[in-house]
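Please arrange chain H on chain L, whose structure you already have, making use of the hints.
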Amino acid sequence: MNLPQVIEQATLLANEMIAPEIHRMELHAPGISGVAQPGQFVMLGLSGLDPLLRRPFSIHQCTDNSITLLYKVVGKGTTAMAQMGAPQQVSLLGPLGNGFQPALEATHHCLVGGGLGIAPMLFLANHIRKSQPNAGVTILLGGRNKQELLAQEEFAPLGNLQVATDDGSAGLHGFVSELLENIDRKDMHVYTCGPLPMMKVVAEICRKKSWLCQVSLESHMACGMGACLGCAVEKAELRPNEKKYVHVCKDGPVFNASLLWL
Amino acid sequence: MAINLTVAIGDWQLKNPIMTASGTFGYGEEFSPFVKLSELGGIVVKGISLQPRDGNPPPRVVETACGMLNAIGLENVGLAAFIDQKIPMLAKTKADVVVNILGDSIEEYEEITAALDNEDVVKAIEVNISCPNVKKGGVAFGTNADMAAKVTDAVRRKTGKPIIIKLSPNVTDIVEIAKAVEGEGATAISLINTLLGMAIDIETRRPKLANIVGGLSGPAIKPLALRMVYQVASATNLPIIGIGGISSLEDVLEFIIAGATAIQIGTANFVNPALSGELVRGLENYLQNKGLTSVKQLAGSIIT
Chain L
1 MNLPQVIEQA TLLANEMIAP EIHRMELHAP GISGVAQPGQ FVMLGLSGLD PLLRRPFSIH
61 QCTDNSITLL YKVVGKGTTA MAQMGAPQQV SLLGPLGNGF QPALEATHHC LVGGGLGIAP
121 MLFLANHIRK SQPNAGVTIL LGGRNKQELL AQEEFAPLGN LQVATDDGSA GLHGFVSELL
181 ENIDRKDMHV YTCGPLPMMK VVAEICRKKS WLCQVSLESH MACGMGACLG CAVEKAELRP
241 NEKKYVHVCK DGPVFNASLL WL
Chain H
1001 MAINLTVAIG DWQLKNPIMT ASGTFGYGEE FSPFVKLSEL GGIVVKGISL QPRDGNPPPR
1061 VVETACGMLN AIGLENVGLA AFIDQKIPML AKTKADVVVN ILGDSIEEYE EITAALDNED
1121 VVKAIEVNIS CPNVKKGGVA FGTNADMAAK VTDAVRRKTG KPIIIKLSPN VTDIVEIAKA
1181 VEGEGATAIS LINTLLGMAI DIETRRPKLA NIVGGLSGPA IKPLALRMVY QVASATNLPI
1241 IGIGGISSLE DVLEFIIAGA TAIQIGTANF VNPALSGELV RGLENYLQNK GLTSVKQLAG
1301 SIIT
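Chains as they are written, first to last, in our numbering: chain L, 1 to 262; chain H, 1001 to 1304.
Careful: at least some of the hints might be erroneous.
[What the hints assert, rightly or not] Pair by pair, the computed Cβ-Cβ distance ranges are:
id, chain 1, residue 1, chain 2, residue 2, range
1, L, Gln152, H, Gln1288, 55 to 61 Å
2, L, Glu105, H, Glu1284, 54 to 60 Å
3, H, Thr1172, L, Gly34, 33 to 39 Å
4, L, Ala80, H, Met1198, 21 to 27 Å
5, H, Lys1092, L, Glu16, 46 to 52 Å
6, L, Lys76, H, Gly1078, 44 to 50 Å
7, L, Pro87, H, Gln1288, 32 to 38 Å
8, H, Thr1172, L, Met84, 31 to 37 Å
9, L, Gly34, H, Lys1136, 37 to 43 Å
10, L, Ala86, H, Thr1293, 24 to 30 Å
11, H, Asn1285, L, Lys76, 31 to 37 Å
12, H, Gln1297, L, Pro20, 56 to 62 Å
What the hints contain is simulated information worked out from the structure, not anything from laboratory work.
C-beta: ideal position from N, C-alpha, C; glycine also.
Excised from the complex, chain L in its bound form (with noise of 0.2 Å):
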């Protein structure tokens, strides 16, 4: 939260369905491609009253100029997200929040995405592969079918690309965090994001394999800058007389996963 925080006029550059029900949209916006680090979000709004508070979405990709986001048409906001193309505009207030922390010692990263949970694994890879390049990288991917596989060709180039379908549609038959249970490393570094249940699963191998993890959470919330408190998630009570909640926006929304399941 110490870094600069703009709201800007971002004009779209691009809004494409990928999958069913899965939007892609590109924004011109400068003053937060030029900050951004990988898992940071950003709150969008449209104009008008209703909607009226603005939706929180993670980077999937920075340039020098231009973010990229991913999102699911479920209601009344990105429904009309779906429905606008370049070159109209959105208010963009960002970059928010605390991103990913990529060990600088560790040998090997492992980026374990879900669903929509995918999105800010594409920035996080590109990070890595750019300020380590010698460092190995697996990328895991999970979905309930392949169409959920989410920008499987980006990822492919920027290491070693595993993938699991619930429906058995691509690669494993059977749950992401299987994939990652059947690495079989010492040393290595962690970051999730995707479904609850998953990163839950995702910590708990990582903590059987004393492997550091952070995880990527989301939440209902109205500002994305730690004035409404309405992103508050219960941690793991460690000592007397500590706060109970941890806020999404504001100590989040990437986490150590020992901070909040132990």
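Just chain H now, kept in the frame of chain L:
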């Protein structure tokens, strides 16, 4: 000609009538990238209780048509940490700070007020009386005229600073409560706090908030808030601070014309964190364009 935006709440001279509402502006610092805090009429910080509070379990917020429900549960750092950590930070911003206070008993309100009375950066104290009185069976102070009067009197005796009583709209007759606190020495009245509401997920049939019910805010409540401000302004002689769904310059003007001396921006801070500063400039431009020299020429100017 220079435009005079100043207004008064008791002895406190505000630079302009634009304030920010408690619970929507953090402790101010969160908004400093977007608003010069010292340019606002005042900032009202997150409600402070005697002891720190963790707040309610999640989910705590849900959006509804043109508004939102919240059940944050008054999460705050507590009086001691507020004085140690937040007051020095606030002093550096040169903002005019109003501290919103809350308690489970008259004694808690008194103790917090007495502690804040020593702090120069605190220009006024806003008393949240929508909290349950634990010692009296949990009935909210703000829904009973006698209890509202007692809190006002107790707080009044502990400080010479302006006392703003923040009224709950969840009552049959808000004018009765307003008159009761006026009679016990309130300096001003702010209204409205949120309206009790709820939302249900039809797939799971569960309430969308873990607390089941929560406070409704945002543009959805503006007409109701405006009506209450008009009624209270007509029936009392106190300065009124209008709150409720204000999200544009037009909204600000409506409340001032209805009789508000100042207004607070609440939920709209979440939508546009820079809004409060924009409204100060917008109000000045509006007065200039209308050939007015002072915001006081608009206050209570409603024609019925």
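Ala86(L) and Thr1293(H), beta-carbon distance inside 24 to 30 Å?
Given a distance of about 47 Å, which is not inside 24 to 30 Å, the answer is violated.
Go ahead and decide if the range 31 to 37 Å is satisfied by the Cβ distance of Thr1172(H) to Met84(L).
Once the Cβ atoms are compared, 46 Å apart, the range 31 to 37 Å for Met84(L) and Thr1172(H) is violated.
Holds or violated: the 54 to 60 Å window for the beta-carbon distance between Glu105(L) and Glu1284(H)?
Cβ of Glu105(L) to Cβ of Glu1284(H): about 56 Å, so the range 54 to 60 Å holds.
Could one say that the CB atoms of Gln152(L) and Gln1288(H) fall in the range 55 to 61 Å?
Check passed, 59 Å falls within 55 to 61 Å.
Supplied distance hint 32 to 38 Å, evaluated on CB atoms of Pro87(L) and Gln1288(H)
34 Å, holds
Given a hinted range of 33 to 39 Å, is it respected by the beta-carbon distance of Thr1172(H) and Gly34(L)?
55 Å, violated
A range of 21 to 27 Å was offered for this pair. Does it hold for the Cβ distance of Ala80(L) and Met1198(H)?
25 Å, holds
Verdict for Asn1285(H), Lys76(L) (Cβ pair) under range 31 to 37 Å
At roughly 33 Å between Cβ atoms, Lys76(L) and Asn1285(H) fall inside 31 to 37 Å, so the hint holds.
With respect to the beta-carbon atoms only, verify the hint that Gln1297(H) and Pro20(L) lie 56 to 62 Å apart.
59 Å, holds
Cβ separation of Lys76(L) and Gly1078(H), checked against the hinted range 44 to 50 Å
Since the Cβ atoms of Lys76(L) and Gly1078(H) sit about 38 Å apart, the hinted range of 44 to 50 Å is violated.
Satisfaction of the hinted span 46 to 52 Å by the C-beta atoms belonging to Lys1092(H) and Glu16(L)
47 Å, holds
Between Gly34(L) and Lys1136(H), does the C-beta distance stay in 37 to 43 Å?
56 Å Cβ-Cβ, so the 37 to 43 Å window is violated.
In this structure, the hints that do not hold are numbers 3, 6, 8, 9, 10, in rising order.
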